[in-house]
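Colleague: Sequence:
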Amino acid sequence: MSTDFYITSILPYANIIIKICRAYSNSQEDFEDYYQEVCLQIWRSKDNFKGKSNWSTWIYRLSLNVCMTLAKKERKRKERSFYPNAIDQESIEENNVFSDKSLNQLYDAIRKLSEVDRAIILLYLDELSYQEIAKVIGTNTNNIGVRIKRIKNRLKKLLDGKNN
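With positions in the sequence shown counted from 1, the corresponding number in our numbering is that position plus 195.
Hints are computed from structural coordinates only; laboratory data are not their basis.
Small disclaimer: the values here were computed from a predicted structure and weren't measured.
Ideal Cβ placement from N, Cα and C applies to all residues, glycine included.
Among the hints, a few may not be true.
Distance ranges between label pairs, derived from CB positions [as the list claims (entries may be wrong)]:
#, residue 1, residue 2, range
1, Gln231, Val311, 21 to 29 Å
2, Glu322, Lys247, 18 to 26 Å
3, Asp228, Asn348, 31 to 39 Å
List of simulated lysine-lysine pairs, DSS-like, C-alpha gap at most 30 Å [said to hold, decoys possible]:
#, residue 1, residue 2
4, Lys271, Lys245
5, Lys330, Lys307
6, Lys352, Lys241
7, Lys351, Lys296
8, Lys307, Lys344
9, Lys271, Lys330
10, Lys351, Lys330
11, Lys241, Lys344
12, Lys296, Lys245
13, Lys296, Lys241
14, Lys241, Lys268
15, Lys351, Lys241
Can you build the whole structure from these sequences, using the hints too?
Modeller: In structure tokens form, the structure reads like this:
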């Protein structure tokens with residue numbers, strides 16, 4: 196990957212990639228792997244970008260797809276391990292390297308959502324319109340508002356400690 200491509204086409208969108216990778220990873224090491232894989236896939240797939248959407252929309256979609264794929268692989272790997280349902284608390288705590296405690300709590304709650312719900316709320320938190328969210332997710336605009344309302348309620352319960 197050329198430095199120029201990274202500086203002009205990836206670095207301006209690093210916050211998008213960071214948010215998505217953070218929501219799908221459970222440790223600092225996983226986060227770094229996810230970030231690196233997303234950047235690599237952006238570089239590998241750059242010629243597939245047809246300009247039918249904004250570059251940022253394409254970055255969102257690609258980042259989400261890469262992170263969801265990596266998360267599925269990780270789940271399958273853990274299912275084959277000796278303790279398939281054990282939560283690695285140490286890994287989760289490692290992921291809280293960011294200093295803002297309330298932000299860490301929010302990301303912990305977001306990680307408890309389904310993969311699609313995680314994607315939707317991350318896009319919503321980045322203030323994308325319902326139409327843009329629908330385009331990234333690959334669904335229709337009508338159900339985005341309903342899903343966001345349900346996701347917000349679920350997050351509120353998770354943050355209030357009423358539901359794990």
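Colleague: For a C-alpha distance cap of 30 Å, please report whether Lys351 and Lys241 respect it.
Modeller: 38 Å, violated
Colleague: For the pair we were handed, Lys241 and Lys344, check the Cα-Cα distance against 30 Å.
Modeller: 34 Å, violated
Colleague: Between Lys351 and Lys330, is the straight-line Cα distance small enough, at 30 Å or below?
Modeller: 26 Å, holds
Colleague: For the pair supplied as a hint, Lys296 and Lys241, is the alpha-carbon distance within the 30 Å limit?
Modeller: Since the Cα atoms of Lys296 and Lys241 sit roughly 36 Å apart, the hinted pair is violated (cutoff 30 Å).
Colleague: For the range 21 to 29 Å, tell me whether the beta carbons of Gln231 and Val311 fit it or not.
Modeller: 24 Å, holds
Colleague: Holds or violated: Lys351 and Lys296, Cα atoms, limit 30 Å.
Modeller: With a Cα-Cα distance of about 16 Å, the restraint between Lys351 and Lys296 holds, given a limit of 30 Å.
Colleague: Just to be careful, I want the Cα atoms of Lys307 and Lys344 compared with a cutoff of 30 Å; is the pair within it?
Modeller: 16 Å, holds
Colleague: Run the distance test for Lys330 versus Lys307: straight-line Cα separation, threshold 30 Å.
Modeller: 24 Å, holds
Colleague: Does the alpha-carbon distance linking Lys271 and Lys330 stay inside the 30 Å limit?
Modeller: 28 Å, holds
Colleague: Sort out whether Lys245 lies within 30 Å of Lys296, counting only the CA atoms.
Modeller: 40 Å, violated
Colleague: State, for the Cβ atoms of Glu322 and Lys247, whether the hinted interval 18 to 26 Å holds or is violated.
Modeller: 22 Å, holds
Colleague: Indicate whether the distance between the beta carbons of Asp228 and Asn348 respects the range 31 to 39 Å.
Modeller: 32 Å, holds
The structure fails to meet hints 4, 6, 11, 12, 13 and 15 from the earlier list, while all remaining hints are met.
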